[in-house]
Each structure stands twice: as C-alpha cells, then as structure tokens.
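K.L.:
Take the given structure of chain D and dock chain Y to it, following the hints.
2 protein chains.
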Amino acid sequence: MAVNLFSPEPASLHPVAGVELGSARAQIRKLNRRDLLVIRLAEGANVAGVFTRNRFCAAPVHVCRDHLQGSGAVRALLINTGCANAGTGQPGLADALASCDALAAQLGIDSRQVLPFSTGVILERLPMPRLIAGLPQAIADLALDHWADAAEAIMTTDTIPKAASRRATLAGAEVTVTGIAKGAGMIRPNMATMLGFVATDAAVDQQLLQRWVREAADASFNRITVDGDTSTNDSFVLVASGAGKLKISADTDPGAAELKLMIQEVAVTLAQAIVRDGEGATKFIEVRVEGAASADEASAVAYAIAHSPLVKTAFFASDPNLGRILCAIGYAGIDDLDPDKIDLYLGDVHVATAGGRHPTYREEDGQRVMQQSEIQVRVMLGRGARATTVWTCDFSHDYVSINADYRS
Amino acid sequence: MAVNLFSPEPASLHPVAGVELGSARAQIRKLNRRDLLVIRLAEGANVAGVFTRNRFCAAPVHVCRDHLQGSGAVRALLINTGCANAGTGQPGLADALASCDALAAQLGIDSRQVLPFSTGVILERLPMPRLIAGLPQAIADLALDHWADAAEAIMTTDTIPKAASRRATLAGAEVTVTGIAKGAGMIRPNMATMLGFVATDAAVDQQLLQRWVREAADASFNRITVDGDTSTNDSFVLVASGAGKLKISADTDPGAAELKLMIQEVAVTLAQAIVRDGEGATKFIEVRVEGAASADEASAVAYAIAHSPLVKTAFFASDPNLGRILCAIGYAGIDDLDPDKIDLYLGDVHVATAGGRHPTYREEDGQRVMQQSEIQVRVMLGRGARATTVWTCDFSHDYVSINADYRS
Numbered sequence: 001m002a003v004n005l006f007s008p009e010p011a012s013l014h015p016v017a018g019v020e021l022g023s024a025r026a027q028i029r030k031l032n033r034r035d036l037l038v039i040r041l042a043e044g045a046n047v048a049g050v051f052t053r054n055r056f057c058a059a060p061v062h063v064c065r066d067h068l069q070g071s072g073a074v075r076a077l078l079i080n081t082g083c084a085n086a087g088t089g090q091p092g093l094a095d096a097l098a099s100c101d102a103l104a105a106q107l108g109i110d111s112r113q114v115l116p117f118s119t120g121v122i123l124e125r126l127p128m129p130r131l132i133a134g135l136p137q138a139i140a141d142l143a144l145d146h147w148a149d150a151a152e153a154i155m156t157t158d159t160i161p162k163a164a165s166r167r168a169t170l171a172g173a174e175v176t177v178t179g180i181a182k183g184a185g186m187i188r189p190n191m192a193t194m195l196g197f198v199a200t201d202a203a204v205d206q207q208l209l210q211r212w213v214r215e216a217a218d219a220s221f222n223r224i225t226v227d228g229d230t231s232t233n234d235s236f237v238l239v240a241s242g243a244g245k246l247k248i249s250a251d252t253d254p255g256a257a258e259l260k261l262m263i264q265e266v267a268v269t270l271a272q273a274i275v276r277d278g279e280g281a282t283k284f285i286e287v288r289v290e291g292a293a294s295a296d297e298a299s300a301v302a303y304a305i306a307h308s309p310l311v312k313t314a315f316f317a318s319d320p321n322l323g324r325i326l327c328a329i330g331y332a333g334i335d336d337l338d339p340d341k342i343d344l345y346l347g348d349v350h351v352a353t354a355g356g357r358h359p360t361y362r363e364e365d366g367q368r369v370m371q372q373s374e375i376q377v378r379v380m381l382g383r384g385a386r387a388t389t390v391w392t393c394d395f396s397h398d399y400v401s402i403n404a405d406y407r408s
Numbered sequence: 001m002a003v004n005l006f007s008p009e010p011a012s013l014h015p016v017a018g019v020e021l022g023s024a025r026a027q028i029r030k031l032n033r034r035d036l037l038v039i040r041l042a043e044g045a046n047v048a049g050v051f052t053r054n055r056f057c058a059a060p061v062h063v064c065r066d067h068l069q070g071s072g073a074v075r076a077l078l079i080n081t082g083c084a085n086a087g088t089g090q091p092g093l094a095d096a097l098a099s100c101d102a103l104a105a106q107l108g109i110d111s112r113q114v115l116p117f118s119t120g121v122i123l124e125r126l127p128m129p130r131l132i133a134g135l136p137q138a139i140a141d142l143a144l145d146h147w148a149d150a151a152e153a154i155m156t157t158d159t160i161p162k163a164a165s166r167r168a169t170l171a172g173a174e175v176t177v178t179g180i181a182k183g184a185g186m187i188r189p190n191m192a193t194m195l196g197f198v199a200t201d202a203a204v205d206q207q208l209l210q211r212w213v214r215e216a217a218d219a220s221f222n223r224i225t226v227d228g229d230t231s232t233n234d235s236f237v238l239v240a241s242g243a244g245k246l247k248i249s250a251d252t253d254p255g256a257a258e259l260k261l262m263i264q265e266v267a268v269t270l271a272q273a274i275v276r277d278g279e280g281a282t283k284f285i286e287v288r289v290e291g292a293a294s295a296d297e298a299s300a301v302a303y304a305i306a307h308s309p310l311v312k313t314a315f316f317a318s319d320p321n322l323g324r325i326l327c328a329i330g331y332a333g334i335d336d337l338d339p340d341k342i343d344l345y346l347g348d349v350h351v352a353t354a355g356g357r358h359p360t361y362r363e364e365d366g367q368r369v370m371q372q373s374e375i376q377v378r379v380m381l382g383r384g385a386r387a388t389t390v391w392t393c394d395f396s397h398d399y400v401s402i403n404a405d406y407r408s
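Chains as they are written, first to last, in this note's numbering: chain D, 1 to 408; chain Y, 1 to 408.
Just chain D, same shape as in the assembly (with noise of 0.2 Å):
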C-alpha cells in the first residue's frame, strides 16, 4: 500500500566507514522476524540526537538523554521492536539500563556509552530473557553493509523498510551519509519519526553535529505526520563516525555546508518515505503555505490541513471536496484572518479565491488532480512573507484496520 516507495536495493546503501550493523531475530513479540539491531561504532565517533517532547516519554529516552550528556564517547546503539518500554515506570528504566549493562559487557565497553532505542507497544514491560539472549547472534552479525537488514529490524506496522544513502567528494575527500529510519503510526511532529539513524564517515565537531542533527530533524521529521499522534518514543540520531577523511569543526570548513545538506537530504527522503509508508495511505500529500505572517502561522495552518480527518478521508476518496480544506484553514487559529486575501490551489488548479470558488475552478480540475497518488495543497495566506511545507497521507479504511488490530 506503500506510495510509491519500494525496498532500497542493499547495493544502493553506501556503507560507513566506523559503522557496522549486526540485527538478531530474538522473538521480542514475534516469531522469525528480525527485531533487535545492534549498531556499533569506531572509537572517536560523535553521536547526537533529538528526542520526542512527550511527558511521558519512554524509559529508553531517559537513557539516551543521560548517556548523551555524559562523556560523548557513544560506542553502541541497541534498539529494538515489537516493545517501546514506555509507561512502564521504574522497572522500565531499570530494563534499560540492563540493557545496556549486557550489551556492554559482550562489547568490552562501558554501559554508559551505549544507546537504547525501543519501539512498539506501550504498557508493556521487555522481555528481558530474550533480548539479552538475542544479543550474541546480533553481534555476530556486525557488519558494514548491513544496513537494509537494519532497515528490516526497526519495522514495526512499516510494511518496507526505509533506508536512503549518498555520497560525494566533498573538499577532495570522499564522504558518504546513509541513514535508515521506521514509522508508521504515532507520527507527528516534534520529532515525527519514532527512531531515525543518520551516519556519516566524516568527523564532525560534538557541537556542531548537535546543531546539525536539530537543523535536520526540523527540516525533515519534525514536517510530517500520519495521525497526529507524537510519540513516546521518537528518537532521531547523528553519527559522525570520524572513521573518513572529510574534517569537520565549524560551518565555514570547506565541505561542511554541502556534508549538511546531504545529511538534510538523507533525513528528507526518510521522513517522506515514513508518510508514504504511513498506516493505510494510499496519497502522498505535500501541504504548502505561502504568503504567511510568521512560521508559526504557517505552521499552523498547514497542520491543521494535514491532521482534519475530513480532509483525509476525501484524499482516500478522491473526491475535491475542497471546502473541508477551508474549513481546516479557518479554525487553525489565527484570529484576524481575511478568508477573502486566501487562495488555494490543488496541484496547478486555482480552487479558491476571495472568500470563494475561483471563477475558473472546474469539479473535473478537482477531480484530476484528485486521482493522483502525488497530491500538492497550496494555500496562499495573503499576510506575509512566511513560508512552510509539511508532508502527510491520506485516511483510508486500513489505518483503522491496522489500529485496530495491531496487538491481535
């Protein structure tokens, strides 16, 4: 159901020099499927992340937060599926400590530099016995070129795998950025995806990859959303390996601004390939708003478009029933707006002007761009020079049905 995504070729994935990739079947929910990856990284790596703003974040989350403040020596990321260890309280944390404390030891190093990552359901503690038996055979496994059996681990309703890699010759030394990232409910923004890896060979200064990892989850994660629901969970992670040769300490370093974009690009492309995977879509939309007063506005605005089950579900139809997007525009919170400066077009069809129907707009206009499995809404606000574009899916019969099936 997937739009227009398909697995990555594991040849189209760039390995990373100081990044090896090791994935176990360990049974933590179900039977013969990969669901523990181990990620391990050369000394002298620098790790940074951004995690989910929810209160009730999970006990992982808490974990990576401590680990990341302490020495920044990161070393391990261990992350699992079928179980997100949140709501799980104290006994959860200690899980995860535990976690790490096995990982540790089978690794010989400290337990505070590796990084636990959980996804699944939430309320439900670990089943400790079986990921910690599950950890020799994913060590075993550490390889380079790994990464689309890593893409495979991290899946929970995902039905394929996301991975996007690049590289390039950046300053004269060859540099490569592949990451791999899981949806596909639970997404929305502040940090949207629930577990995101980005890694590149190239060193990169601690601060300045903390920088960049936020710069990126911005224009990536934190732009797209299936249903509105933030996670407990999302956690999106920068390595910089340091194992190539490109240099990086400040942002006017030669090959810094072309590395930061690949990064961005690399997070783009997974951010968008967890909307085309989102529960049940069947439409990738791209919601633009222009002509804003201020980003938060046009932030507004546009989620508002992209969260109305209505205008969903009429995207699922296919039917431009384009006042739900009026309406959508109307109650997104901005208290003086003139709904007669607005315009909105679908696609290159100019659906609405001056508070109505542009006098040109045909149903059949509507219609057409409507069939398309690739839809853009734009909407002009007519208050600025403010700009923002988020991604979304539609709502169709299967996101109800994987919701309301996923534990069965």
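Just a few of them, taken from the derived set where beta-carbon distance is under 8 Å, the chain D residues facing chain Y:
1. R55
2. P339
3. G356
Stretch by stretch, here's where chain D covers chain Y in the computed footprint (C-beta under 8 Å, at least three residues):
4. 90-103
5. 312-321
6. 355-362
One-sided excerpt, in silico: chain Y residues whose CB lies under 10 Å from chain D:
7. R55
8. R324
9. L337
10. V400
11. N403
In case anyone wonders, no lab produced these hints; they're calculated from the structure. Quick reminder that beta carbons are idealized off the backbone N, C-alpha and C, glycines included.
P.N.:
The following block gives chain Y in isolation, referenced to the frame of chain D:
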C-alpha cells in the same frame, strides 16, 4: 449505529408556546427528504446565539451575527440542509440575505428579523430557486407540535433525529424547554454542534439570555468532539418566547437558577446525542480529567485523548491498548508534567500509576470495560484541583466510509 440513542417520541417533545415549526421537502440536495425548516417566533421573543470561531465561517453565520446585533426582535429562523453556503464569498452572502428577504416577505416581517442557517457541503452555492420555492410549503406546515419533524429536517449525516424536552413548574409557573440539534461530523469544541436550537416559553431578559446561551454552550456543545474539525457553520441559538407565565430578568429571580439548569440539561442531552450519533460511532466515551492546575490544562489533556485517532481506533477494537492514552496525556502540551504522579482509570479499573501499570491491573479487566458501549476514561494529573469532562466517540471503518462517500 448510534450508541444508545433512539428517535425521540413526538409526544415526548413538549410544545413551547410562541414557537411554531414547519418543514418542507425542497430538494436542496436530495429528493424526498425534509431539508428546509422555518421556525416562527411570537412577537416579543428574545433570541441569543453563539457561533463558530472558524474564520472561514459561512455566509449565514455572518448574517446571523449582524441581525442579532440589530433590534433583537427576531421573528423567524430559516434553516436548510444539503448546502452549507460556506466558502461562497460575496455571492453566498447575497444568497443568505435573499433567503431572509423571501421568508420575511411571506411572513410579513422585516428581513432583518430573520436568522438564516445552513448546513451541508462547503464551497457550493445555495440552490436559491428551489429554496425559495420550498418556503410556502414550510410556512403552511407551521405548528407548535412539529418539533420531531423539525429535528428530522435539519439532519445531514445524522442517522437519528436529535431532540430533548423538559417541563417543570418553577416559581408557580409551568415552564417548558425544548430543543433540537444536528451533528454528525466536523465536530469539535468552539461551538461543537453544527446546529442547535433550544427554546423556552419563559420570558428572559435579552442580556441574561446572551449569557445563558454562552454558559449552556460551554457546558454542552463546547465539550464534545467527534473528529476535531471545527465547522464553518456551528450555531447554537436560545429562544425565550415570553409566551409563558415565567418572567426572568435576573439570575436571582425565583425560578431563574432552575430554568438555567433545565436549559443546560437540554443542551447537554443534545450535545451528547451528537456524539452518540457521531459518524461511525460504536462507543460513547466520557473523558474526565481531574487534578489539573488550570481549566486550560484539564481541557488540553482531555482533548488530546479525545482527538487521538490511535485512542479512538483502540476503543473501536475494544482493545485495552491503554498506553495510547498515556501517550496522548504526554503530548498534551504540559511542559512540567510529572508522569509519576498520574493515575489512569478505565471505568472502575485502575490502569496506571507512578508512570507505569498499576500493580493490580489485569488485561482482562481492561478488556471487560473496553467491550462496553459507554466507557469512562478518568485521568488524575496530581497537579491541582481543576477538572473537566468531554464526550467523544470511537473511530471506526464507518467514519472513513461516511466521509469518503459523503458527497457521492
């Protein structure tokens, strides 16, 4: 599909002296169904209303606001379904005014004494010739005991007409309150019903009536949500015909407190009826939030839960996937929320405490409550003494079907 909601017995709807209702089959959008309603008020009636805060509000809402600011001597309400007359710009405004003109001419009143209301599809013009042609039939049908027909005449995707009535003796005078409303999608706070009309035969001072209509809306229609979409047309109107014996000019008058309560009871019954008949609803859910530091944060948490598609699909599936409720509490926007202080009950079952499962919680207890058709979710935030209650329904396949097919 409506949840424990049944068509009102016509005999249970007490006539309100001074308020006549007449409907017609005007073929506004469909053949052979009541879709046009005229409510004629006795001279001297006071009328107050509250309207949508959607900035893209419909033409008739503009006209209502304008006409209510005039002399106040409203003598007739004109309601059509099938077309919302929203997103129709200046031509739509002219249509709304022309419909007032036409009714006023036939009733021998001034055009500004008419309040127009429309509900249905947005971005389409009113079929004025058919609407005007239907007026004589509606006027000929005017009668005191046509509340049940009137409730039917304002339905769109509603499956059951919504009406409620109370009669009591207050301060020695018999007084009646009867009302009708319609849903059933595009429902969320800030005037949550698309249309609600409540009338009493008491005489109530105009300023007092305006305060009462706002308080009644806040206690009823502003506390429900079906899909989080605030409509362009939401209107709630309270009529005090003055044709009865009870006269109220201040809150402290004998019978005033009781009458206000009767009005609120009718409004709450109608509001809950809208949720019970929410598009695709199979469950009626009360979300009660206690222990909040402010009314705003109680409301934010209640609506985060009530709007979450993941929570609503879990209710549809009778799946006690209650971590989704904790997740919604976590992203409700309370920055200093302490998850360890939160308690969550599902009906009488203590689900979560201290950031995790309650020790006594068993899945089968949660399952038992989830299978009921009426479910209470109760959250204690442990932050203060403020509380609120909102009502919502679950999210089913039929919601998608209804909204994907509404126009076809």
